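In case you want the letters, here they are:
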Amino acid sequence: MTTSTQKPKWGDLEDEDGNNLDFLLPPPEVIGPDKNGIKKVISYKYNEEGLKVKVTTAIRVTLKVMDTRKSVAERRSWPKFGEAADTEEKKEDKGYTTRSTEDIFLERPTAPEPGGQLMLCRICKKKGDHWTARCPYKGLAPDPADATTTTEESDSKLGKKYVPPRPDTKRRDDDQNSIRVSNLSQDARDEDLIELFHRFGPLSRVHVVFDRQTGLSRGFGFVNFQHKEDADRAVEKLNGYGYGNLILKVELAAPGSKVEK
Amino acid sequence: MRPYLMKGHERPLTFLKYNREGDLLFSCAKDHTPTVWFADNGERLGTYNGHKGAVWCCDVSRDSRRLITGSADRSAKLWDVKSGTPLFTFEFDSPARSVDFAVGDKLAVITTDPFMEQTSAIHVKTISNDPDEQTAESALIITGPPRVRINGAVWGPLNRTIISAGEDATIRIWDSETGKMLNESSKETGHSKTITSLSMSEDGSHFLTGSSDKSAKLWDSRTLTILKTYETISPVNAVAMSPILEHVVIGGGQAAIDVTTTHHRAGNFDAKFFHKVLQEEIGCVKGHFGPINALAINPDGRSFSSGGEDGYIRLHHFDRDYFNIKM
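Sequence lines, in order, name chains H and Z.
Residues in the first sequence are numbered consecutively from 1, following UniProt numbering.
Residues in the second sequence are numbered consecutively from 1, following UniProt numbering.
Just so you know, the hints here were simulated from the structure itself, not pulled from any lab data.
Only a predicted model underlies this, so the values are computations on that prediction, with no experimental measurement involved.
Be aware that one or more of the hints could be misleading.
Here chain H is said to cover these stretches of chain Z; the calculated rule only asks that three of the stretch's residues, wherever they fall, bring their Cβ under 8 Å from a Cβ of chain H [stated by the list, open to error]:
#, segment
1, 2-11
2, 35-43
3, 74-88
4, 162-170
5, 281-287
6, 310-324
Here are the simulated lysine-lysine pairs, DSS-like style, with alpha carbons at most 25 Å apart [stated by the list, open to error]:
#, chain 1, residue 1, chain 2, residue 2
7, H, Lys52, H, Lys39
8, H, Lys80, Z, Lys7
9, Z, Lys82, H, Lys70
10, Z, Lys30, H, Lys80
11, Z, Lys286, H, Lys80
12, Z, Lys52, H, Lys80
13, Z, Lys17, Z, Lys286
The C-beta atom is built at its ideal place from N, Cα and C for all residues, glycine as well.
Produce the entire structure from the sequences given, and follow the hints as far as they go.
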C-alpha cells in the first residue's frame, strides 16, 4: 500500500457530498491472471484522513470443472430475489456467508490407542473395559469388599443407612485443632483472621473460603491451631464476638473433635 | 472440513431441506423469512417474504419449482422458488407445523397444531400444476389425538400412507385415502418422550425419528417395527440419513432453556454420526453455540448442513477421509 500526500484542491470539491471523492480517483486496474492463476486488482480509495490510498489485492483464481445438470446450471444464473436482491445493490451480502477459519474434523469417539494407557475402572476394578465414568455399575452398591467396612460404622451410628466411602479416611493431625469461623464479613481476608486468632496461640493454617465462580468471599473460613487447648480457648472467647458489624459464629470444625466434647 | 457459516436468520433455525439435485438449500427459522442458499458455496440466493410468524417446516417439489412452507401464522404458503413470489396461501385455524409433498407433487400433507379448542390435524391438499387453479379445499382431514402436537408428518411408500409422529411419543400410520389409522407404535418399545423429528429414507422403506428421550430410532415404514436404536446423551432435535453411506446423523443438545444454567461443554451441541446398521458412533462434528434444530444431508451425500438455535447454518463439505471410514 502506498499513499500520496497530494490532496485535492478544495475548489474541486462539490458542496453537496463532500465525502464522496471517488470521481477523482484513477480507475481500477486488473492485471492477470498469470500462469499461477494469480490476478492482481489495483484500486484507489481515500482513507479516513483523506489521503489517497492504492490498494493492491492479489486473488488466486482457480478453475474447477464440475459436471452439473442443465437445471442446476440454469439455477446458478438465477437473479437474486427477496432480501438478497436488496443487499446485492449495497454490496453487503458478503457478510451473510463466511468461511470458517477453523478446520473442523469429524471427531472420532475415543478409540483405545495401542500402547496407550489402559482403561481402569475404579468401581468394578475391571481393566481395559471402560472408564470409571462409564461404569455400568455406577450408582449401584459398591463392591462387597468396600461395603463391609462402611456398614460396620453406619450400623452403630446411623442405622442401616448407606454411607459413601470417604477418599481420605486418615485426617491430618492438626485437623483436630481446626475451627470454623462463619458469619464473616465479605471483606475479611486471611490476614484479618490471623490478626484475630494469633493471640490465642500459634496457628498452622488460615483459610477464608471464596466462591470459585464469583470470586467473592463465602462468608466463612477455617483456622487451624497447633495446640488443641488454644483452639478450645478461641472458640470460647470468640463465639458471638462482634466483628465488622457481624456476630461471629466460631466452632470446632472437625466432626471427630465435636464428638469428644 | 472448513464449513461455510450462513448468518441470514435472526432467530433460531427450525428446518433445512435440499432440493433433489442438491444445489439449493432451503432454510426455515423462527424469523419470518424462509431463505434459499446455493448449496456449494453458501451464497444467499433469495428470501421468501410474506409469512407473519415463525416458519416451522418446508418442502420443495421434485422439479425445484414450487416451495411449500408451514408457519406459526396459521398458514401454509406455496411459493415460486425462482422469484420468491407467494402463489397461494392455505389458511388454518392453528399454526402449521409440518409440510411434505407427496411423490409426484400432486398432493401435500400439512399438519396443524392443537390450539384453543382445535385438536391437531393432518390436512391433505391437492396441489395443482397451475397456481391459478389452486384451491384451499382439503382432500382429506385427519384429526389427531386431542391436545397432542404432531411434530412431523411424511408420506409413506407410494403415497398410500401418511406417517405422523408427535408429542405423545407415538408414531401413527394413516391410510392416505380413507384417513383410517392403520398402525400405531407401542408405548413400551417406542420412544418415551416427545418425538421431535422425522426423516424418511430415499426409497421410503424405512424412516428415522429423533426424540427428547435422548435416542433416535429407525423404523420399518410398513410394519412399524423398530429396526435400530441410536443412543446419545442429550435430547435429539434433528435427524438425517446419508443417501450413499450407511450413516445417520443426529443433532440436538441440551434444551435451550437450560443452556444458561450449565457449563457450555455440557451442552453437546454437536452433530453425531452413527453407523446405521452397527449402531455405533462414528464421530461428531462440533461448532454450534446452541442446540442443533435442523439437519440435512445433500442428496449427493458429499455435504451436510446443520442449523442451530444460535441462528447459524453451518454447511460442511466432507473431507476425503470421511468416505474411507472403516468400522
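Numbers of the earlier hints that this structure fails to satisfy, in rising order: Per hint list: 4 and 11 violated.
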